[in-house]
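Chemist: Make a model of the complete structure from these sequences and hints.
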Amino acid sequence: GASDEDAKDQRHPDQRIAADVGKFTQLATALGLDSVQAAVDLYFYSSLLHSMSPLLSRLSICGAFAGTFLVRFFGQDLPAQYSAERIADGNFTYVLTRMREHAESIVFYKGQAREIQLASDVLEERQATEWTRLATR
1 GASDEDAKDQ RHPDQRIAAD VGKFTQLATA LGLDSVQAAV DLYFYSSLLH
51 SMSPLLSRLS ICGAFAGTFL VRFFGQDLPA QYSAERIADG NFTYVLTRMR
101 EHAESIVFYK GQAREIQLAS DVLEERQATE WTRLATR
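Using the numbering used here, the first residue of the sequence shown is number 1, and each one after it goes up by one.
Among the hints, erroneous ones may be present.
Unchecked claim - The calculated label-pair distances, taken between Cβ atoms and stated as ranges, are:
1. 97 to 27: 24 to 34 Å
2. 108 to 72: 46 to 56 Å
3. 27 to 72: 16 to 26 Å
These are computed hints drawn from the structure, not numbers from a lab. Where a beta carbon is used, it is the ideal one built from N, C-alpha and C, also for glycine.
Modeler: If you want it as structure tokens, here you go:
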């Protein structure tokens with residue numbers, strides 16, 4: 001099922017990288033095509049609107065630029081927050097995977113307390129980044 005596929009992806013980093021590259025390529029292509037489509041739509045609709053009312057045409061273009069500016073201004077912190085969230089998630093996944101793979105050694109050398117503290121620290125970091133992202137929405 002789906003959990004078998006998820007477990008298989010976690011065991012093979014190369015497959016995860018290939019999936020991430022495929023997803024990135026798909027998203028970048030979609031963004032590029034959507035941008036071209038938006039530019040074409042803006043040109044044709046503004047020219048049509050200009051033929052009906054030049055003032056309304058200018059106002060719509062000014063409104064589009066104002067909306068773009070506002071979104072850019074209010075969303076400028078989101079990429080850094082997303083990056084921090086991905087790093088915290090990666091650290092959390094790494095610690096849990098390392099604990100699972102080295103469980104026998106951890107128990108043999110009586111390192112449970114240290115590993116629990118480390119897992120708690122990365123979990124707190126992950127939760128803090130989630131709360132930061134949610135608070136800025």
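Chemist: All hints, please: hold or fail.
Modeler: Hint-by-hint comparison with the structure:
1. 97 to 27: 24 to 34 Å: Holds: the Cβ-Cβ distance is about 26 Å, inside 24 to 34 Å.
2. 108 to 72: 46 to 56 Å: holds, 54 Å
3. 27 to 72: 16 to 26 Å: holds, 19 Å
Of the numbered hints given earlier, the model fails none.
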